[in-house]
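S.K.: Chain by chain, the residues:
Number of protein chains: 2
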Amino acid sequence: MPLIVQKYGGSSVADAEKIRNVARRIGRARDQGNQVVAVVSAMGDTTDHLIELANQVSPDPDLREMDTLLSTGELVSCTLVAMALRALGYRAISLSGVQAGIRTTNTYGRALIERVEPQRIQQEVARDTIVVVAGFQGFTEEMDVTTLGRGGSDTTAVALAAALGAERCEIYTDVEGIYTADPRIVPSARKLKEIGFQEMLELASYGAKMHPRSIELGAVYNIPIYVASAFSDAPGTLIHGEVEAMETRKKVTGIAHDLDVAKITVRGVPDRPGVSAALFEPLAEQGISVDTIVQNSSVERIADVSFTVSRGDLKRALEIIGPALQEIKGGRVSSESNLGKVSIVGSGMQNAPGYAARMFRSLARAGVNIEMITTSEIRITCIVREERVREAVEALHRDFELEKEG
Amino acid sequence: MPLIVQKYGGSSVADAEKIRNVARRIGRARDQGNQVVAVVSAMGDTTDHLIELANQVSPDPDLREMDTLLSTGELVSCTLVAMALRALGYRAISLSGVQAGIRTTNTYGRALIERVEPQRIQQEVARDTIVVVAGFQGFTEEMDVTTLGRGGSDTTAVALAAALGAERCEIYTDVEGIYTADPRIVPSARKLKEIGFQEMLELASYGAKMHPRSIELGAVYNIPIYVASAFSDAPGTLIHGEVEAMETRKKVTGIAHDLDVAKITVRGVPDRPGVSAALFEPLAEQGISVDTIVQNSSVERIADVSFTVSRGDLKRALEIIGPALQEIKGGRVSSESNLGKVSIVGSGMQNAPGYAARMFRSLARAGVNIEMITTSEIRITCIVREERVREAVEALHRDFELEKEG
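Residue numbers (our numbering), protein chains in the order written: chain E, 32 to 437; chain R, 32 to 437.
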């Protein structure tokens, strides 16, 4: 019997009625002849409520304690879903991250899955039992509970699918799939039937709602990921490795955007080996994710470096950059928040020239000034003023004719 | 450094302010030169809220799922207390029942502690860390979470005290200690400075607020248990093995009462070996706790058997008794709810005659009719109408002069 892993997000299990709905959907997949392992997030705003409680008892809650605290949210939802399944007459059991064998690093709050020891799940599945796993959590060698940080439950689901040799991983959420652009900005945005892992990775990294972590894992283990609505039966989007008709189809697959961008510029940095490392290593050590980096070296061996971080990290990044600059002797720092990012993504772009030019022309026609540019094989990203992001997305979606089937 | 185990009940950790208060109290014990292991219950009405959620998704929630669900309540409170301790500058760590090594039977909802594997706690204590343990929970051989049922967190605390060789176990709660009678009924009731394990066991079993389970464990491992208020510094009651001046002190230590009593009477039971077993075994198998049992055999080898159960168990007990009676061929069942129980308890009673007579006379003077009587070495219990329990307690407290120091 084929095994599928399903994941249901927090809004899908926000109350008892929604939990019963999720149980019916899981049961339907079972009725259709699948073994099912379901991964669930915490109910609605449970996590926010727990964080608030922690902040009430401590100005700076310990990360290890925080992880155990937050992990209770998924324990609650997975036991309730298992109960609801049993009430419908299915054999079902809930498993915590520990019981599901999700072994992680001990980097609390943003732990990485090291390996899955799926024996207990396999045992239950062999007994024809639906297994409901608490998402977002794992455990260390010391048997301490960890949480996986952003995109955690999706990552749990894809990791389990890989470890169990599942046919595919289904992510049920509050959107109906992956669109050519955010439908809230571009009403004519079109839902994609399928998309390749690499394209999805670029879309996800550059602003689409899904976190790139789970996509990466899916790509590495070649687990097809189906993204669809938890509330309707509308067909969703299949993210997988083999997208047909790659040569002939439309070259731009979608537009990603991100409204949470801050830029730090360091002028007058000595242009010698090791300087970039001295600048970026301390940021990495503090867990600050640096995104776009642009460096221009001038003739006098003095360079200007600009890079972007999320707005929430700007203050801390500036505090870290100060001492780092003293060490490398040089550089004046300026920063700018209120920026945004707009990207065009498409695996076909790598074999076809001229996409960058078309993108810049489209933005120019819309009167959007470009602050920074970076590219990958299958993506071109422009940093623009935050308040112009919306127009930029609309213009690009229109000019690349994404509302039409490729 | 001496090690003490402290336990804080649900009302002591009901909100963030109360949790900070508990942290201050734990910290104070540390400052006074003790190693401290604290056991906490779930915050206020968390457990009720979780049960309500379960009932919303299932008419008959699975016991295993229920146990994992309910265990999250104590996980939340123990992590918050650990955070609050760290905010005060103490080294502190929370441990779940699994991490604390609380191994139990797999009788979900009312699991019994089989043994404690305290290595992790000892490791943390050796590092001078205050350990905050989630009460009320343990785990089975299959690594499934269990809850300990009534009196669970107290039992966790005493079991840990025994396993760790603690000096004593301190139970902090919403009463200031053990009284000669319920102060809500008898305003002149006196708080006891100390009480022996056996007396306390009788008081607890016959209606005092503490559950006898933890007292039994304390008696077996000879762990002194100190019961006091979590909200004040008023001296509490020490329950221990060596109560001084046993011969000369007042012979009745306290009055216990219980308003939740139902009686089942089976008339015309054949009086032959094995009949009682046939009657009571099926009740035990279904987890129905039978309390007082009274049997009168008559000359024709036909007996009448009466016994009491808690009112909540009456309906199920009657359903079980029916088939059991068919098997032993005989007996007509009648039942009565709305009964109560009043007991006098005192270890001195065993060496001094006349206490039963004094008790019956006191009740008679108060116009309270006695329905059933049972006794132990150090206790005399009368079953009376529920609505007369209050007067009975008042009369006994007055006639045995318990308001005066013994």
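Please keep in mind that the hints were generated in silico from the structure rather than gathered at the bench. Check before you lean on any hint, since a few could be wrong.
Pairs count within a copy or across copies, as identical chains cannot be separated in the list.
As the list claims (entries may be wrong) - Keeping only pairs whose Cα atoms sit at most 25 Å apart, straight-line, the calculated SDA-like set for lysine to any residue is: (1) Lys346 / Ala118; (2) Lys224 / Thr78; (3) Lys49 / Asp91; (4) Lys435 / Tyr121; (5) Lys224 / Glu247; (6) Lys49 / Thr77; (7) Lys49 / Ile82; (8) Lys49 / Asp79; (9) Lys49 / Pro90.
S.K.: Could you run down the list of hints and mark each one as holding or not?
M.R.: Each hint, compared with the structure:
1. In the homo-oligomer, the alpha carbons of Lys346 and Ala118 lie at most 25 Å apart only across protomers (24 Å), although the nearest pairing inside one protomer, at 51 Å, exceeds that limit.
2. For the identical chains of this complex, Lys224 and Thr78 are neighbours neither inside a copy (32 Å) nor across copies (45 Å), given an alpha-carbon limit of 25 Å.
3. In this assembly of identical chains, the alpha carbons of Lys49 and Asp91 lie at most 25 Å apart only when taken from different copies (18 Å versus 34 Å within one copy).
4. In this assembly of identical chains, Lys435 and Tyr121 lie within 25 Å of each other by CA distance neither inside one copy nor across copies; the values are 43 Å within and 63 Å between.
5. For the homomeric pair Lys224 and Glu247, the shortest alpha-carbon distance inside one copy (19 Å) is at most 25 Å, but the shortest distance between copies (66 Å) is not.
6. In the homo-oligomer, the alpha carbons of Lys49 and Thr77 lie at most 25 Å apart both inside one protomer (15 Å) and across protomers (21 Å), since each shortest distance falls under that limit.
7. In the homo-oligomer, the alpha carbons of Lys49 and Ile82 lie at most 25 Å apart both inside one protomer (23 Å) and across protomers (17 Å), since each shortest distance falls under that limit.
8. Proximity of Lys49 and Asp79 under a CA criterion of 25 Å is satisfied in both settings, with 19 Å inside one chain copy and 21 Å between copies.
9. Within a single copy, Lys49 and Pro90 get their C-alpha atoms only as close as 35 Å, which misses the 25 Å cut-off; across copies the closest is 16 Å, which meets it.
Violated hints, listed in ascending order, are 2 and 4; each of the other numbered hints is respected by the structure.
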